[in-house]
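Q: What follows is the residue order along each chain.
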Amino acid sequence: MSDILLEATAQGEQLRLAGTGAWTAQNAHNLEALIDSEIRRGGTISHVVIDMGRVDRLDTFGAWLLERLTRSFTARGCDTKVTGLKVDYRALIDEVHGVKPEHKAEHRGSTLASTIASVGENIVSVGHSFGAIVNMLGALVIVLARIVSHPRRFRFTSMVHQLDNVGWRAVPIILLITFLIGCIIAQQGIFHFRKFGADIYVVDMVGILVLRELGVLIVSIMVAGRSGSAYTAELGSMKMREEIDALHTMGFDPIEVLILPRIVALVIGVPILTFLGSMAALYGGGLVCWLYGGIDPDIFLSRLKEAITLDHFKVGLIKAPFMALVVGVVACVEGLAVKGSAESLGLQTTASVVESIFLVIVLDGLFAIFFASIGM
Amino acid sequence: MVKGNGGKDVVIEVRDLLVGFGNHIVLDHVDLDVYRGEILGFVGGSGAGKSVLMRTIIGLLPKREGAIKVFGTDMQAASDTARRAIERRWGILFQQGALFSSLTVMENLQFPVREYLDLSQDLLDELAVAKLAMVGLDASVCDKFPAELSGGMTKRVALARALALDPEIVFLDEPTSGLDPIGAGEFDSLIATLQRTLGLTVFMVTHDLDSLHTVCDRIAVLADGKIIAAGTMDTMLASTHPWLQAYFHGKRSRVNQLETGIPIPSSTRA
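So the sequence lines, in the order shown, correspond to chains F and Z.
Each position in the first sequence, counted from 1, maps to that position plus 14 in my numbering.
Each position in the second sequence, counted from 1, maps to that position plus 268 in my numbering.
If we strip away everything but chain F, and leave its shape as in the complex, we get:
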């Protein structure tokens, strides 16, 4: 590292530079500093002679730095000569000499303007993704109409396979999580209601909350994270590897072959999971009421029978297929929006989960208003 790479001797208006040692990648850092200090050298210089005779190794890095040296002296109006260059390096120097002056990275605008611009771009992209969702819904309706007239075209095997993935295999984790949620709200309810001597109303709270809201919400959010992201990643990588284009060219409609079976599987699977999840949450709630709140299972059940009606149960289950549709459509839209890079696959998968959870919650709010106004 301590090798001398460049020696300079100035005689009047003439500058003699003598390169020595290895002008290679290893020494590029030191060499760059030496060359830049020569370039900045003050005084009037009219002739520059660069002697490369004692440079024993030269690679692209060294060649480029030599080129930088000659270019900047030539640009200052000096008469620049390179001497003693070994014949072997001639071709490399010529190659580098042909490089056009450097590329300047385009400058970004001011930060304020770019912040405002990015806000605008985001709003437009939200609009676009809303449009894409509506588009997908329309395409699904068309495909469904086609399937209704030709039922044999429905990919039943594929649907069953997807149902296995998103329904059956999700059962253990859904049961566990909803059971725990049931336990937690029962415990919190007992803890706080006890202050008013209203322990028994915990049963009402757990029953109504779980059946109307929590069962379906927890399940939909779990499904968005577990199956929606998988759909996006699967479709996205198929898109990246041109499998979807291949389907198109063979005359298949990707929506019919890939997307409809997946969405149908979700629409069938989520209500079942919601039912199972709600039962697990009630079970968890009952268990905590008994062990922590001292409410006997018999009392819990008879209180539950009085507190809830079939309507509560129906409200939860009616919402489930719509939640499934939202999660499925968003996942498929985002999957098809994947572009060539691995990064884009990651971005779209994140977007898929975030968007579907957001829409599930918005939809739940709309349903709450709807059911309240029809008195359910």
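Simulated from the structure, these hints should not be mistaken for lab results.
Backbone N, C-alpha and C define an ideal beta-carbon position, used for all residues, glycine too.
Everything hinted at is true.
For lysine to any residue, the following SDA-like pairs were computed, each having C-alpha atoms within a straight-line distance of at most 20 Å:
1) F:353 / Z:412
2) F:114 / Z:421
3) F:100 / Z:463
4) Z:494 / Z:290
The calculated label-pair distances, taken between Cβ atoms and stated as ranges, are:
5) F:102 / Z:288: 38 to 48 Å
6) F:128 / Z:408: 14 to 24 Å
7) F:112 / Z:390: 17 to 27 Å
8) Z:288 / F:131: 50 to 60 Å
9) Z:457 / F:54: 33 to 43 Å
To be clear about the criterion: a stretch of chain F counts as covered by chain Z if any three or more of its residues have a C-beta under 8 Å from a C-beta of chain Z, and this derived list gives those stretches:
10) 34 to 44
11) 69 to 75
12) 355 to 365
Take the given structure of chain F and dock chain Z to it, following the hints.
A: Leaving out everything else, chain Z in the frame of chain F:
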């Protein structure tokens, strides 16, 4: 077999190499020498194990037996530091380019340099442009992402990245596959030019008979898990091995197209 070729410097020495997956032996006691400054064309049927040999040499696949020496260092016995030092002296062009998809072309080229050398951003930028110019691309592709490049441009950028650290050996895995004949021809002459200017040793896995004819100094042929021949194009053409006959005198070979245009029965040529 051409060995000890006029006392030339051997940069890659493969001895008795055995590589297999499960019960399937892909490379069965393979010997191969690559000499400094040559372009070695490496051919063999699809699935014969050409890429396996290349990947074994560069250490991506494990070997069962044998030795691989690069620059005279046994890769298995070498310490991590020694192995890393050797890895800096080679560059690899993967078949699909293997450009990092989340980085721009410019960042792709600068990535290895930035990691290994402490250079100023200005110099990094200038060098990236210079490397791009060497592979025949102009600075306008700098800010593009790999997904926005055409097949030929991807190969060129990948070659530029393989050359980023000024390696002594470059491994090219089917560099001209997927390019049109004009693009493939340009790529061949590009490799030949770079080989001359930078003094590279090139190990090129290829199926392109034109590449073999125009740029390769020597050809090694892999069949049935062994190197069945190694030598110049003339040696290949003169060989009587049935596989070589089929490969170099087949309907698509230059010999037939140039000489007669009519396929010649192999028996009359041998």
